[in-house]
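Asks: Here's the letter readout for the chains.
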Amino acid sequence: MFERFTKDARAVVEGAWGYAEQGGAGTVDAEHLLLALLDREGSRGSFALAVLGLAERREVVRDALREARRRAGITRAEADALAGLGIDVAQIVARVEEVHGVGAMSGDRGDRRWWGGRRPNFGRAAKDVLERALRVALARRDRHIGDEHLLLAFTVLPGVAGEVLADHGVTFEAVTRVCPPVRPARG
Amino acid sequence: MSEATDLAERAGDRDPRIGLRAVAALRRLLEQLEAVQVRSARNQGWSWQEIAAELGVSRQAVHKKYGRH
Chain A
1 MFERFTKDAR AVVEGAWGYA EQGGAGTVDA EHLLLALLDR EGSRGSFALA VLGLAERREV
61 VRDALREARR RAGITRAEAD ALAGLGIDVA QIVARVEEVH GVGAMSGDRG DRRWWGGRRP
121 NFGRAAKDVL ERALRVALAR RDRHIGDEHL LLAFTVLPGV AGEVLADHGV TFEAVTRVCP
181 PVRPARG
Chain B
188 MSEATDLAER AGDRDPRIGL RAVAALRRLL EQLEAVQVRS ARNQGWSWQE IAAELGVSRQ
248 AVHKKYGRH
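These protein sequences, in sequence, are chains A and B. In terms of our numbering, the first sequence opens at residue 1 and continues consecutively. In terms of our numbering, the second sequence opens at residue 188 and continues consecutively.
Isolated chain A (complex conformation) (with noise of 0.2 Å):
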């Protein structure tokens, strides 16, 4: 599937694994991916991502992803249904911290022996972008996979990463109203 990733998606993919290898984490994550995207510009995605004023409220967005991962990457929709069993994600969170430190729910290592120094692999959830984004191009009948159709499958997907697309009014319908499927001239 990836030969048929543009130069823009690619670069996504290589921005997460050096997010995740930077943070120490065993695995590439969805947010990895997001933060990538972020960095992108001149490209589709990144295009869309300005025409719905996210441009300059990026370091929101990053922060909004490092406190979402400090919480074991528990979403807001999943931290009220924890709470319906009585379960506090935020005071375990607090608690782990207070004795491991902070961040220690995050997954994040930071020292990389810890891991064997290997590079991470991507993770169940990052697969996931990846391939709904090959599914969402099909169906738009675009005959590429850019880092546009990465960011549609983040707003199609549970997680943390949708969620706080979701926040800022990035879903799947303001994306493809601003950045349309490519029709190709048929014959």
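It should be emphasised that the hints constitute simulated quantities derived from the structure, not laboratory data. There's no promise every hint is true.
Chain B residues, not near chain A, derived (Cβ > 10 Å throughout) [claimed, not checked]: (1) S227; (2) G232; (3) W235; (4) Q236; (5) E237; (6) E241; (7) L242; (8) A248; (9) H250.
With a Cα cut of at most 30 Å, we get these calculated BS3-like pairs of lysine-lysine [stated by the list, open to error]: (10) B:K252 with A:K7; (11) A:K7 with A:K127; (12) B:K251 with A:K7.
One-sided and incomplete, this derived list gives chain B residues near chain A with beta-carbon spacing under 10 Å [said to hold, decoys possible]: (13) R215; (14) E218; (15) Q219; (16) L220; (17) A222; (18) V223; (19) Q224; (20) R226; (21) V244.
C-beta: ideal position from N, C-alpha, C; glycine also.
Chain A is already provided as a structure; the job is to place chain B on it using the hints.
Replies: Coordinates of chain B only, in the frame set by chain A:
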């Protein structure tokens, strides 16, 4: 935002989606908690055997999951 509020309101009812979502989230929370505790034990010099015994799993299972490659 509205989804979160909606979920909170329905947490007490029998919508399986809420229950299943809670279980999935709990599993991820558990995974992170386990990683934190295993790492802490290793830093304090515990053997994989000792960690496995406390977790109630085989030594191989815990080593495969957290051991260095």
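Asks: Check each numbered hint against the structure and report the violated ones by number, ascending.
Replies: The structure conflicts with hints 1, 10, 12, 21, although it agrees with all the remaining ones.
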